[in-house]
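**Student:** If you read the protein sequences in the order shown, they are chains A and B. Take the first sequence: its position 72, counted from the start at 1, is 72 in my numbering, and no numbers get skipped. Take the second sequence: its position 73, counted from the start at 1, is 73 in my numbering, and no numbers get skipped.
FYI, nobody ran anything at the bench for these hints, they're computed from the structure. Some hints could be false.
Stated by the list, open to error - Quick look at which bits of chain A chain B covers, simulated, 3 or more residues with Cβ under 8 Å: (1) 19–28; (2) 39–45; (3) 48–59.
As the list claims (entries may be wrong) - Below 30 Å or equal to it, Euclidean Cα-Cα: the simulated DSBU-like pairs (lysine-lysine) are: (4) B:Lys58 <-> A:Lys22; (5) B:Lys22 <-> A:Lys52; (6) A:Lys44 <-> B:Lys22; (7) A:Lys9 <-> B:Lys49.
Heads up, the beta-carbon is just placed ideally off N, CA and C, and yes, glycines get one too.
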Amino acid sequence: DTAVSQTPKYLVTQMGNDKSIKCEQNLGHDTMYWYKQDSKKFLKIMFSYNNKELIINETVPNRFSPKSPDKAHLNLHINSLELGDSAVYFCASSQGDINTEAFFGQGTRLTVV
Amino acid sequence: AQSVAQPEDQVNVAEGNPLTVKCTYSVSGNPYLFWYVQYPNRGLQFLLKYITGDNLVKGSYGFEAEFNKSQTSFHLKKPSALVSDSALYFCAVRRGNTGFQKLVFGTGTRLLVSP
């Protein structure tokens, strides 16, 4: 019974395409996140939503647009994909955002060719 | 802005020996500190956290970490390493007591435990 699930696990696509990554959590958490892990394993937050409201929006190109239809889902849509977007994208969730740990999905490996 | 430094890219230790993975942080105000582990092709798994209270924090799989305010460190330790502990370890920090704050990760330390 997966707590935080992402689909797809692997995504290979051509430059210029538009793609989406979906994330769902069944933990009843009210806060969800998207992180990007680059080829050097460096993790950086992209977005955070609390109760469907965007609360953290790092310096991310406008081509990236998160959408949270409800508290249990946070999707990431990427327009006009570029080679530099190739990375592993992790979704995570937590209850509140202060002192509770985050639970991570297994990641989506995006390869742009 | 908060930041985390993990000075070692890789730590090598023999099975049965104690291990330490180093982490230092920089944050204004009270820090909330976390350790996560990442196995190959997997997401991050939470190990332990320091919020307040006892400086020695115990976590999953026999790991513990010691919060040292004067040295701004939060080193991860285990008395006896297992081969199965081999993985990528991340230290993370966020500012406490100030509402929603982002969790900032270090660059990770690869732990290799040899049989």
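**Student:** Three residues or more, CB to CB closer than 8 Å: is that satisfied between the stretch 39–45 of chain A and chain B?
**Tutor:** holds (count 6)
**Student:** Would the hint linking lysine 44 of chain A and lysine 22 of chain B be met if the CA-CA limit is 30 Å?
**Tutor:** Since the Cα atoms of lysine 44 of chain A and lysine 22 of chain B sit roughly 20 Å apart, the hinted pair holds (cutoff 30 Å).
**Student:** Assess, step by step, whether the Cα of lysine 22 of chain B is no farther than 30 Å from the Cα of lysine 52 of chain A, and give holds or violated.
**Tutor:** Roughly 36 Å separates the two Cα atoms, so the pair is violated.
**Student:** Run the distance test for lysine 9 of chain A versus lysine 49 of chain B: straight-line Cα separation, threshold 30 Å.
**Tutor:** Given that 30 Å is the threshold and the Cα spacing comes to 28 Å, the pair holds.
**Student:** Hint check: lysine 58 of chain B vs lysine 22 of chain A, CA-CA at most 30 Å. Holds or violated?
**Tutor:** 34 Å, violated
**Student:** Per the coverage rule (Cβ-Cβ under 8 Å, at least three residues), is the stretch 19–28 of chain A covered by chain B?
**Tutor:** Three-residue rule not met by the stretch 19–28 of chain A, so violated; n is 0.
**Student:** Quick one: see if chain B covers the stretch 48–59 of chain A, three-plus residues with Cβ-Cβ under 8 Å.
**Tutor:** holds (count 5)
Violation of the numbered hints given earlier is confined to hints 1, 4 and 5; the remaining hints are satisfied by the structure.
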